[in-house]
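**Q** Here is what each chain is made of, one letter per residue.
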Amino acid sequence: MGGGARFLFFLFLPVFCLPHVVDAGVVVNELYYDHPGADAGYEFVELLNTADAAVSLDGVALEFHNGTGEGWTVLWQAPSGLVVESGSLFMLGGDLVLPLPDIVTAMSLQNGPDAIRIVHGVEILDVVGYGGLDDPAYVETLGVSAVDAGQSIARTPDGRDTGDNASDFVESAPTPGRRNVARHDASATPAPETPTHAGLDHAGVDRLMVDLENRGLIQIPAAAVVISVFDSTVGDIASTVNASSIVPGATERVALEVSLSAPGYHWLTIEARYPLDERAANDRASLVRRVGRPPLLVSEVMSAPRDGCPQFVELYNAGSTHLDITGFSIRDTRPKPAVIAADSLIVGPREFVVVTPDPEVLRSCVRVDGRVFDVDGTWPSFNKSGGSFADSVVVMDTFAISVDAVAYPGLKTDQADLSLERIDLFASETRRSAVWSLSRERGGSPGRMGASALASPPRAACEVSPNPFFAGDLLRVAVASTDGVASVSVRIYDPSGRRVADIGTASSFPAVLLWDGRSADGEMVRAGIFVLACESFTSDGARVGVEKVVVGCASHSP
Amino acid sequence: MLAFAAADAGARIDFPSVADRTVGIRAGADGFGPEAPWSVETGDVELFGIAGLRVAGVRARGRMGAVPAGVSLAQLSSPVGTESRAEAELGYRPGVRWLCLARTGIEIVSITGAPAEQAVLAGFYSRAEAGRITAIADVDVISRADAREIEVEIGVVGRIGSASIIATTHFDGHAVASAGIAVVSRFAGRLALLAGYDDGTETIRGAAVVSLSRWRVGVGVFQHAVLGVSQGVTLTWSR
Numbered sequence: 000m001g002g003g004a005r006f007l008f009f010l011f012l013p014v015f016c017l018p019h020v021v022d023a024g025v026v027v028n029e030l031y032y033d034h035p036g037a038d039a040g041y042e043f044v045e046l047l048n049t050a051d052a053a054v055s056l057d058g059v060a061l062e063f064h065n066g067t068g069e070g071w072t073v074l075w076q077a078p079s080g081l082v083v084e085s086g087s088l089f090m091l092g093g094d095l096v097l098p099l100p101d102i103v104t105a106m107s108l109q110n111g112p113d114a115i116r117i118v119h120g121v122e123i124l125d126v127v128g129y130g131g132l133d134d135p136a137y138v139e140t141l142g143v144s145a146v147d148a149g150q151s152i153a154r155t156p157d158g159r160d161t162g163d164n165a166s167d168f169v170e171s172a173p174t175p176g177r178r179n180v181a182r183h184d185a186s187a188t189p190a191p192e193t194p195t196h197a198g199l200d201h202a203g204v205d206r207l208m209v210d211l212e213n214r215g216l217i218q219i220p221a222a223a224v225v226i227s228v229f230d231s232t233v234g235d236i237a238s239t240v241n242a243s244s245i246v247p248g249a250t251e252r253v254a255l256e257v258s259l260s261a262p263g264y265h266w267l268t269i270e271a272r273y274p275l276d277e278r279a280a281n282d283r284a285s286l287v288r289r290v291g292r293p294p295l296l297v298s299e300v301m302s303a304p305r306d307g308c309p310q311f312v313e314l315y316n317a318g319s320t321h322l323d324i325t326g327f328s329i330r331d332t333r334p335k336p337a338v339i340a341a342d343s344l345i346v347g348p349r350e351f352v353v354v355t356p357d358p359e360v361l362r363s364c365v366r367v368d369g370r371v372f373d374v375d376g377t378w379p380s381f382n383k384s385g386g387s388f389a390d391s392v393v394v395m396d397t398f399a400i401s402v403d404a405v406a407y408p409g410l411k412t413d414q415a416d417l418s419l420e421r422i423d424l425f426a427s428e429t430r431r432s433a434v435w436s437l438s439r440e441r442g443g444s445p446g447r448m449g450a451s452a453l454a455s456p457p458r459a460a461c462e463v464s465p466n467p468f469f470a471g472d473l474l475r476v477a478v479a480s481t482d483g484v485a486s487v488s489v490r491i492y493d494p495s496g497r498r499v500a501d502i503g504t505a506s507s508f509p510a511v512l513l514w515d516g517r518s519a520d521g522e523m524v525r526a527g528i529f530v531l532a533c534e535s536f537t538s539d540g541a542r543v544g545v546e547k548v549v550v551g552c553a554s555h556s557p
Numbered sequence: 000m001l002a003f004a005a006a007d008a009g010a011r012i013d014f015p016s017v018a019d020r021t022v023g024i025r026a027g028a029d030g031f032g033p034e035a036p037w038s039v040e041t042g043d044v045e046l047f048g049i050a051g052l053r054v055a056g057v058r059a060r061g062r063m064g065a066v067p068a069g070v071s072l073a074q075l076s077s078p079v080g081t082e083s084r085a086e087a088e089l090g091y092r093p094g095v096r097w098l099c100l101a102r103t104g105i106e107i108v109s110i111t112g113a114p115a116e117q118a119v120l121a122g123f124y125s126r127a128e129a130g131r132i133t134a135i136a137d138v139d140v141i142s143r144a145d146a147r148e149i150e151v152e153i154g155v156v157g158r159i160g161s162a163s164i165i166a167t168t169h170f171d172g173h174a175v176a177s178a179g180i181a182v183v184s185r186f187a188g189r190l191a192l193l194a195g196y197d198d199g200t201e202t203i204r205g206a207a208v209v210s211l212s213r214w215r216v217g218v219g220v221f222q223h224a225v226l227g228v229s230q231g232v233t234l235t236w237s238r
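Each protein sequence line maps, in turn, to chains L and V. In terms of numbering that gives the first Met the number 0, the first sequence has 325 at position 326, counting the first letter as 1, and numbering is strictly consecutive. In terms of numbering that gives the first Met the number 0, the second sequence has 4 at position 5, counting the first letter as 1, and numbering is strictly consecutive.
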């Protein structure tokens, strides 16, 4: 062999070494080789007959190549008489694969870089290099990259075979015995404007936007999919159908209005029910909605302690029952919450708890009544200066839904070591300085009612929902109060001042009163504008305040 | 008449006249000097100190011989919607001792997030004088889509020197009666002080009306037992 011939021989040697794959119709359609934990029993290889006619597997074998060595070893030899129909799947796998494979056999695949191939005698029907294998002798063009444990590699769409493993296969959730891309598949996911966790201050209607996507290969006809919302406490609460047909890959946005009346948490499940659906895994999405707020209030903030002493935030259970705040967190204006460090934290009615980055040092600095807790993670470091607005304290529940949020003003330099005591327990995220009063004692009053707060007059607050409300609905009046309020009377007046209805009197708090829109003689009130008045009284009958709310009443909902 | 008792409870929008609100009835010229042939009146009342809750309006009145006529617009606005009322009235006044007016109009309630609802109004007003006594009757019928509401007000005005005492009774659509009383004192023909109380609305009312040439200014304060203070102003031009 001359020099030129030798040059050509070595130039084309890699080409001669590439596997020569015969198009016989049967390909590896999906490969699952790395199960979390032990792989034994869970591995599978799924074959697909892409030909237009049935294919006999007589003489066909599945072989394995260990990426650390050379050559192939036979994993499985097809028995005579096996036939795979056109377009059908044929699965080999361990005895723990569900559904059970057509052939149950221990696969003993490794996690890569390795390869498998299908051969018929000397003919190579298909080769798949995986786990990052890049040896051109054992892959088609480029091997498939390594995937996470629990994921398979799957031809997408099914049977795609361009001669490039890296292009033909994608990482996928395992679909043993089923097509990698379903023919019929409707998925439901919350639209971006519908948060998975959210709070409603009042009972009412929440509008859920759901993206209904056709992830299958066949068009979904109009009205073929029922999209429903299931409330774990009351069952199905809303449903609708897709308004128009949805072509593969397209999405229809669907609106569902759910009425949430019971205070507390609602675990909602959105489900797309499509009779032909082949993928149950993407049919559902979970949401959490909280109606009302737990009566946990930020009652004191020490943002400017003296040198060597830590900041603290005092929380107060304004309710009349125990409150489980395990997993609750606090943050400032930045979205970096710190979870209150306690395995179990139940706050009794009218109890204060204190949260600080260093409980021991705080106790050495100032008298602390009650329980003190650290936080997991970084303390929010609340700002102490800034004029009428220094910072905010936000308390969030375990679902990161805001429970209480208050802004507080900055302090002057001569106000160091004075805390801000909240004297308006009903103010939410507001920048009014009137919400706060400087503590009357150095170091603040962590764990107890401060002198400033004690000096604030008793008050009651009423929250009305829905407002406006429609004839036939119930108007819900949530009543809260400070200490010192013995009863709250709630009445409806017309704009001229005539009393229309007595809704009721609350004597324990928080309380909820309902109005069915009827006047004192039982007739429905007219459509119009009314004034709801909450009069609060002390135990000796003295009136201590009136809160007025304008209420709109309509005869017909839109 | 009260057998027409309405199927809904409520009240109409009152034109924001300080004087009318204080005495509890449309008193007309009583207490404020001779009635002018033509007048335009505008008023505004802030209700109960609630932000955004107020009633405002404008009213024009005139007389052609024995036929008085007028139109008015009033609107109650609030954060949750509005109530608007437009009405026209036409009457007959053969002399100074008797006046009657018939009126009709429309009322529109627009609540946020709901379709507007309309009602048709009809009413009748009559005033008769006998010596020092004036008797007033005012009937309002409001026909809504599913109900009809009738309200009746009856008033008696007694004049003693430069003062007037006005007693009123109000019947709503459910035959519930309430009563009110008011006193009007005039000083030097230019100033009138009004005070009154109405038990239907639990309101103590006080107002002062000053007449200057063709202008008349009225200011009033209304103290509700529960809802607190309302305050209003009325400005009238007449010729």
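Derived by calculation from the structure, the hints in this document are not laboratory data. Note that the structure is predicted; figures quoted are calculated from it, not measured. Idealized CB from N, CA, C, for every residue including glycine. Careful: at least some of the hints might be erroneous.
Looking from chain V toward chain L, a few residues come up when the C-beta cut is under 8 Å (computed) [said to hold, decoys possible]:
#, residue
1, G80
2, E116
3, E128
4, G227
Computed footprint of chain L on chain V; a stretch qualifies when at least three of its residues, placed anywhere within it, have a C-beta under 8 Å from a C-beta of chain L [stated by the list, open to error]:
#, stretch
5, 51-58
6, 134-146
**Q** Does each hint fit the structure? Answer for all of them.
**A** Against the structure, the hints come out as follows:
| no. | hint | verdict |
| --- | --- | --- |
| 1 | G80 | 5 Å, holds |
| 2 | E116 | 5 Å, holds |
| 3 | E128 | 28 Å, violated |
| 4 | G227 | 7 Å, holds |
| 5 | 51-58 | holds (count 3) |
| 6 | 134-146 | holds (count 4) |
Hint 3 from the earlier list is the only one contradicted by this structure; the remaining hints agree with it.
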